[in-house]
Amino acid sequence: MERKGSFGQEICLGTHDEDYGSWMSNPVFYVFGGVTVMAAVAAVLSHMFHITVLVILFSLVTVVMAAMLIWIAWIRRKYAFDGGGIMGLSHSVVLSQLEYDGRGDILEVGCGSGALAIRAALTWPDAKVTGVDSWKAIYDYSIGLCEKNAVSEGVASRCSFRKGDAKHLDFADESFDAVISNYVYHNILGSDMQKLLLESLRVLKKGGVFAINDNMKPKLYGDMEAFCQKLRSMGYREVRLVDTAVKIFGSRRRAKLMMLGSSRLLVGRK
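Here the sequence shown is numbered in this note's numbering, starting from 68 and rising by one per residue.
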């Protein structure tokens with residue numbers, strides 16, 4: 068089947084001072100930094116009071132935390148649009164696997180800073196994109212940031228953003244022609260991942276397409292091959308899993324080093 072999306076043109080986001088943040092959020096970075104400083108201070112104080120055991124303990128904690136902070140900083144840089152660009156690359160991979168004709172309405176579940184929704188709008192000029200997110204405090208994202216980025220990229224008239232819950236999407240059945248998502252569901256702790264997927268597919272029109280990328284660890288997602296077969300038995304077509312650990316990171320080992328070693332993309336048509 069011929070893909071109708073505008074993939075012949077190169078799309079570069081973030082060239083007008085847009086803020087797309089990083090998957091390694093500032094609060095996480097600050098927490099690790101703060102713990103490292105506190106451990107170092109505790110080691111110095113223990114030395115001043117000649118408590119050898121605590122000097123050794125807090126010195127080890129300082130070294131370990133400093134090493135983790137360096138690792139996190141490296142990952143943060145690799146993810147960033149103005150760094151290693153992995154966030155942008157992952158969005159491109161997700162959309163390139165979507166067999167979409169470029170017309171109608173697209174839903175992004177977990178839109179964050181709006182980057183994937185905006186890329187979809189730029190890729191398909193005739194489509195309208197809706198992004199939903201809970202915008203939890205752990206990330207420096209907000210509906211205002213998404214709207215600002217959409218204005219800056221010139222797609223504000225075709226992008227809308229609203230607060231929502233992936234467990235219970237506030238849309239009627241069969242509302243969208245395409246559903247997309249990228250590294251979202253594994254962050255919704257305590258949820259049944261397969262139920263989350265079915266909830267996202269509930270709002271997809273008959274004949275609509277989907278591309279949902281996530282860190283699909285078996286202990287979180289269960290048997291995804293069996294889930295794909297379940298979707299086929301429900302009438303879904305062209306259902307497949309794509310190994311995005313290799314497509315995005317180059318190898319499963321590198322993906323694991325960047326905390327997304329079980330990265331896979333669920334693709335299909337309703």
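Each hint should be verified, as a subset may be incorrect.
Per label pair, the in silico range of CB-to-CB distance [stated by the list, open to error]:
1) Glu77 with Arg229: 26 to 32 Å
2) Val104 with Asp193: 50 to 56 Å
3) Gly289 with Val218: 38 to 44 Å
4) Leu324 with Phe116: 36 to 42 Å
5) Val104 with His83: 18 to 24 Å
6) Glu305 with Glu77: 23 to 29 Å
7) Pro192 with Met135: 30 to 36 Å
Each computed EDC-like pair below joins lysine to aspartate or glutamate, with the alpha-carbon atoms no more than 20 Å apart [said to hold, decoys possible]:
8) Lys323 with Glu305
9) Lys272 with Glu305
10) Lys262 with Asp240
11) Lys273 with Asp168
12) Lys215 with Glu85
13) Lys234 with Glu214
14) Lys203 with Asp193
15) Lys195 with Asp259
16) Lys273 with Glu305
17) Lys273 with Asp172
18) Lys286 with Glu305
19) Lys314 with Glu266
20) Lys195 with Asp149
21) Lys273 with Asp237
22) Lys272 with Asp310
23) Lys272 with Glu292
24) Lys145 with Glu85
25) Lys286 with Asp310
26) Lys314 with Asp86
27) Lys272 with Glu166
28) Lys262 with Asp237
29) Lys262 with Glu214
30) Lys314 with Glu166
31) Lys230 with Asp193
32) Lys203 with Glu241
33) Lys215 with Asp86
What the hints contain is simulated information worked out from the structure, not anything from laboratory work. It should be emphasised that the depicted structure is a prediction, and the values quoted were computed from it without experimental measurement. Glycine included, every Cβ here is placed at the ideal spot set by N, Cα and C.
Hint check results:
As the Cβ distance of glutamate 77 to arginine 229 is approximately 30 Å, the hint placing it in 26 to 32 Å holds. Against the hinted window of 50 to 56 Å, the Cβ-Cβ separation of valine 104 and aspartate 193 comes to about 52 Å, which satisfies the hint. About 41 Å separates the C-beta atoms of glycine 289 and valine 218, a value consistent with the hinted range of 38 to 44 Å. Remark: the range hint 36 to 42 Å for leucine 324 to phenylalanine 116 is upheld by a beta-carbon distance near 39 Å.
Remark: the range hint 18 to 24 Å for valine 104 to histidine 83 is contradicted by a beta-carbon distance near 36 Å. Range check, glutamate 305 to glutamate 77: Cβ separation about 27 Å, and the 23 to 29 Å hint holds. Our hint of 30 to 36 Å for proline 192 and methionine 135 is violated, since their Cβ atoms are close to 44 Å apart. Proximity of lysine 323 to glutamate 305 is assessed by CA-CA distance (about 28 Å); at most 20 Å being required, the pair is judged violated.
With a CA separation close to 15 Å, the supplied pair lysine 272 and glutamate 305 stays within the 20 Å bound. Between lysine 262 and aspartate 240 the CA atoms are separated by roughly 15 Å; this keeps the pair inside 20 Å, and the hint holds. Between lysine 273 and aspartate 168 the CA atoms are separated by roughly 14 Å; this keeps the pair inside 20 Å, and the hint holds. For the given pair, lysine 215 sits about 8 Å from glutamate 85 by alpha-carbon distance, which is consistent with the 20 Å threshold.
Proximity of lysine 234 to glutamate 214 is assessed by CA-CA distance (about 23 Å); at most 20 Å being required, the pair is judged violated. Our distance criterion of 20 Å between C-alpha atoms is broken by lysine 203 and aspartate 193, whose separation comes to about 31 Å. Restraint check for lysine 195 and aspartate 259: not satisfied, since their Cα atoms lie roughly 29 Å apart, outside the 20 Å limit. Note on lysine 273 and glutamate 305: the hinted pairing holds, with a Cα-Cα distance of about 13 Å set against a maximum of 20 Å.
Restraint check: the Cα-Cα separation between lysine 273 and aspartate 172 comes to about 13 Å, which is no more than 20 Å; the hinted pair holds. Between lysine 286 and glutamate 305 the CA atoms are separated by roughly 25 Å; this puts the pair beyond 20 Å, and the hint is violated. The suggested pairing of lysine 314 with glutamate 266 is violated, with an alpha-carbon distance near 27 Å, which exceeds 20 Å. Restraint check: the Cα-Cα separation between lysine 195 and aspartate 149 comes to about 27 Å, which exceeds 20 Å; the hinted pair is violated.
With a CA separation close to 18 Å, the supplied pair lysine 273 and aspartate 237 stays within the 20 Å bound. Annotation: proposed proximity of lysine 272 to aspartate 310 is violated, straight-line Cα distance about 26 Å (limit 20 Å). For the hint linking lysine 272 to glutamate 292, the alpha-carbon distance of about 23 Å lies beyond 20 Å, and the restraint is violated. Annotation: proposed proximity of lysine 145 to glutamate 85 holds, straight-line Cα distance about 18 Å (limit 20 Å).
Taken as a hint, the lysine 286 and aspartate 310 pair is honoured in the structure, with Cα atoms around 17 Å apart against an allowance of 20 Å. Of the supplied pair hints, the one linking lysine 314 and aspartate 86 is violated, its CA atoms being roughly 25 Å apart against a limit of 20 Å. A C-alpha spacing of about 14 Å is found between lysine 272 and glutamate 166, which places the hinted pair at or below 20 Å, so the restraint holds. Among the hinted pairs, lysine 262 with aspartate 237 is consistent with the structure: their alpha-carbon atoms are about 16 Å apart, no more than 20 Å.
Restraint check for lysine 262 and glutamate 214: not satisfied, since their Cα atoms lie roughly 29 Å apart, outside the 20 Å limit. Distance hint between lysine 314 and glutamate 166 is fulfilled; the C-alpha atoms sit about 17 Å from each other, no more than 20 Å. Distance hint between lysine 230 and aspartate 193 is unfulfilled; the C-alpha atoms sit about 24 Å from each other, more than 20 Å. The suggested pairing of lysine 203 with glutamate 241 is violated, with an alpha-carbon distance near 27 Å, which exceeds 20 Å.
Distance check on the hinted pair: lysine 215 and aspartate 86 sit about 9 Å apart at the alpha-carbon level, within 20 Å; holds.
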